[in-house]
Amino acid sequence: EENLLFVAKDKALAERLLDITELQALKRRRPHSLSGGQQQRVALCRAMMRQPKLLLMDEPLSALDASMRSILQQEIALLHQEFGTTTILVSHDPSEIYRLASRVIVLESGHIVRDGTAKEVLLKTAGSQKFTFEGELLEIVRVDVMMIAIVAIGQQLVEVVVSEQEAEQLKIGERIHVSTKAFAPMIG
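The sequence shown begins at 1 in this note's numbering and counts up one residue at a time.
FYI, nobody ran anything at the bench for these hints, they're computed from the structure. Each hint should be verified, as a subset may be incorrect.
Claimed, not checked - Per label pair, the in silico range of CB-to-CB distance:
| no. | residue 1 | residue 2 | range |
| --- | --- | --- | --- |
| 1 | Ser35 | Glu174 | 30 to 40 Å |
| 2 | Ala12 | Ser95 | 46 to 56 Å |
| 3 | Val106 | Leu5 | 19 to 29 Å |
| 4 | Asn3 | Lys171 | 17 to 27 Å |
| 5 | Thr85 | Arg142 | 19 to 29 Å |
| 6 | Phe133 | Arg16 | 39 to 49 Å |
| 7 | Gly36 | Phe6 | 14 to 24 Å |
| 8 | Gln81 | Ala12 | 42 to 52 Å |
Since the model is a prediction, treat every value here as computed from it, not as a measurement. The beta carbon of each residue, even a glycine, is placed where N, CA and C say it ideally should be.
Using the sequences plus the hints, can you model the full thing?
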């Protein structure tokens, strides 16, 4: 709490921010005694104490584990709703972008290559595909009469059947798109 009041002397705002970020029970602790996720939340609260019109966040959650990232994404969304602060969020995490962004701009070499809502930019597929994933081609192996491409998609390795013609055109290490037209998902 003292850390927040150092930024602005608005005790009611400090209390509200501590409530939203679920730090109320830790408000008397020193920053060095907090976990990484708690320190990130304190930093976010400190920034919001100034009630900025514009907030720039550059990969703010990238160093956190998945569960803490999810919690902080919810808290950032709550803060955005409550304070209406325009936020520019730099992220390479599609789920984070989808959850937090009302507008997505994709830059490549300093140029805008895509601009739209999170759904328009992240869910866009060419043709009639049911899903598309981007991954890194790790290896192509022959198994009997089939060619199998081993693709890293996020933290998962996936085997994809490819034709011999496709296999000849692919290069190990390149980014490829894996998509399908017939898809009956099983969620477990």
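Checked hints:
1. Ser35 - Glu174: 30 to 40 Å: Holds - the Cβ-Cβ distance for Ser35 and Glu174, about 39 Å, lies within 30 to 40 Å.
2. Ala12 - Ser95: 46 to 56 Å: violated (33 Å)
3. Val106 - Leu5: 19 to 29 Å: Cβ of Val106 to Cβ of Leu5: about 39 Å, so the range 19 to 29 Å is violated.
4. Asn3 - Lys171: 17 to 27 Å: With Cβ atoms ~51 Å apart, the hint is violated.
5. Thr85 - Arg142: 19 to 29 Å: Violated: the Cβ-Cβ distance is about 55 Å, outside 19 to 29 Å.
6. Phe133 - Arg16: 39 to 49 Å: This hint holds: roughly 40 Å between Cβ atoms.
7. Gly36 - Phe6: 14 to 24 Å: Hint holds: Cβ distance 21 Å, inside 14 to 24 Å.
8. Gln81 - Ala12: 42 to 52 Å: With a Cβ separation near 18 Å, Gln81 and Ala12 fall outside 42 to 52 Å, so the hint is violated.
Of the numbered hints given earlier, the model fails hints 2, 3, 4, 5, 8; all others are met.
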